[in-house]
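> Sequence:
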Amino acid sequence: MQILARVSSFNPFSTFFAHSVPVCTNLYNPQKYFKKRSLSCLTPVSPTVRTMALKFEVLGRCNRARASKLTLPHFECQTPLFMPVGTQGTIKGLTTSQLEDIGCQIILGNTYHLELRPGSELIDELGGLHKFMNWPRALLTDSGGFQMVSLLHLADITEKGVTFQSPVDGKPMLLTPEESIQIQNRIGADIIMALDDVVKTTTTGPRVEEAMHRTIRWIDRCIAAHKRPDEQNLFGIVQGGLDPDLRDTCVKELVKRNLPGYAIGGLSGGEEKDSFWRVVAQCTAALPEDKPRYVMGVGYPLDIVVCSALGADMYDCVYPTRTARFGTALVPEGLLKLKHKVMASDMRPIDPECTCMVCKKYTRAYIHSLVTKDAMGSQLVSYHNLSYMMRFPKGDVPKWVCDAMEVACIDISTCCFPSNGLYK
1 MQILARVSSF
11 NPFSTFFAHS
21 VPVCTNLYNP
31 QKYFKKRSLS
41 CLTPVSPTVR
51 TMALKFEVLG
61 RCNRARASKL
71 TLPHFECQTP
81 LFMPVGTQGT
91 IKGLTTSQLE
101 DIGCQIILGN
111 TYHLELRPGS
121 ELIDELGGLH
131 KFMNWPRALL
141 TDSGGFQMVS
151 LLHLADITEK
161 GVTFQSPVDG
171 KPMLLTPEES
181 IQIQNRIGAD
191 IIMALDDVVK
201 TTTTGPRVEE
211 AMHRTIRWID
221 RCIAAHKRPD
231 EQNLFGIVQG
241 GLDPDLRDTC
251 VKELVKRNLP
261 GYAIGGLSGG
271 EEKDSFWRVV
281 AQCTAALPED
291 KPRYVMGVGY
301 PLDIVVCSAL
311 GADMYDCVYP
321 TRTARFGTAL
331 VPEGLLKLKH
341 KVMASDMRPI
351 DPECTCMVCK
361 KYTRAYIHSL
371 VTKDAMGSQL
381 VSYHNLSYMM
391 RFPKGDVPKW
401 VCDAMEVACI
411 DISTCCFPSN
421 GLYK
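Sequential numbering from 1 applies to the sequence shown in the UniProt record's numbering.
In short, the hints are calculated from the structure, not lab data. Please read these numbers as outputs of a predicted model, since none were measured by experiment. Careful: at least some of the hints might be erroneous.
FRET-style restraints, in silico, Cβ to Cβ [what the hints assert, rightly or not]:
#, residue 1, residue 2, range
1, ASP290, GLU100, 42 to 48 Å
2, ASP245, ALA344, 53 to 59 Å
3, GLY334, TYR366, 19 to 25 Å
4, VAL342, GLN165, 41 to 47 Å
5, ALA365, VAL58, 41 to 47 Å
6, PRO332, ASN134, 31 to 37 Å
7, ALA344, THR163, 47 to 53 Å
8, THR163, VAL58, 51 to 57 Å
Straight-line distance between alpha carbons at most 30 Å, and here's what the computed DSS-like set of lysine-lysine pairs gives [said to hold, decoys possible]:
#, residue 1, residue 2
9, LYS360, LYS341
10, LYS360, LYS373
11, LYS360, LYS337
12, LYS92, LYS171
13, LYS131, LYS92
14, LYS69, LYS171
15, LYS252, LYS69
In this text, a Cβ means the ideal position worked out from N, Cα and C, and glycines have one as well.
Let the sequences and hints guide you as you build the complete structure.
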């Protein structure tokens with residue numbers, strides 16, 4: 001507890017851990033879930049020292065949770081951190097100055113959409129994405145692999161890569177591991193992601209194993225194609241669905257490549273929460289202590305707290321801004337529906353305890369009058385929601401959170417109540 005107290009000045013989740021009681025019973029043991037599996041189909045790789053454009057320093061710990069400093073080419077970040085998603089280099093309705101004001105450290109851009117419009121070659125000609133969008137802090141670009149799931153009806157996956165039907169003009173677009181890295185090299189983000197074979201979390205059977213092994217084969221192609229390792233950090237992505245054996249195999253193979261950082265992919269796709277946290281616990285326990293760990297697609301506040309307790313560092317999701325566009329604000333008690341008629345005369349701020357610009361200046365009644373007919377309404381709610389994501393959510397937590405915290409040696413049983421349904 002004392003360690004976390006020393007770093008609480010910048011760690012938004014330390015308040016949660018500071019009020020918990022450490023216990024060391026029922027420790028998570030990955031070997032309990034593993035069975036022997038042959039690695040004969042994988043290419044042997046010797047550990048190598050790779051050029052890295054980051055520095056990762058753990059400043060404080062509370063059992064498995066950690067507060068760290070992540071130094072990237074464009075910004076020195078403090079973790080745990082949440083990254084808003086700017087699909088085409090922008091967070092809908094917000095300026096880069098506003099994002100700086102709320103404490104955003106890294107913005108996530110989508111390689112697939114940026115290549116479609118405006119195009120990576122144009123971005124490169126104009127000085128890279130940082131200059132293009134006037135963003136002085138860090139950027140991360142995904143590989144385009146998630147579109148395998150979100151645009152599966154438009155995609156065909158082979159060993160060569162992924163062939164998409166462009167939603168712009170209907171023409172086929174082949175995305176190989178090499179092309180994904182080349183596009184990301186031109187875009188110029190601080191962190192770039194390897195192309196992985198993504199399947200829905202609830203998928204079972206041979207397809208999950210095929211995707212995991214292909215992800216390993218593709219990481220080697222991504223490494224070979226990466227031409228800017230001294231300026232950009234290539235992260236590998238752990239796949240394997242909900243199968244502990246496959247996850248373990250993937251982690252071991254990725255760690256052999258000695259990458260700058262590692263992501264846990266293939267979650268937040270409809271799996272049970274109990275399965276979700278167990279995969280995160282397994283992967284974080286096996287990944288290197290001296291490298292950042294990024295859980296992809298996680299945006300619910302409780303999920304972020306649990307993953308942080310289990311040793312993860314970075315998260316991203318469209319949830320805060322997408323929710324805002326529907327007139328819904330994130331508050332400690334859950335979700336506040338600002339379109340509801342009872343808000344029409346409510347003169348309180350969205351969250352009386354929030355110190356963001358929106359809560360200081362505007363009432364629920366005023367925002368209610370905007371959200372149904374004026375774009376400014378969603379802009380104000382987006383600003384608040386992202387501000388909220390930089391802080392810690394309060395309130396009762398469901399049992400699955402208590403179970404996950406126990407694995408992290410943190411006893412919060414006095415805070416746990418049956419789920420209120422807000423974060424299912």
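> Name the hints, by number, that the structure is in violation of.
1, 8, 14
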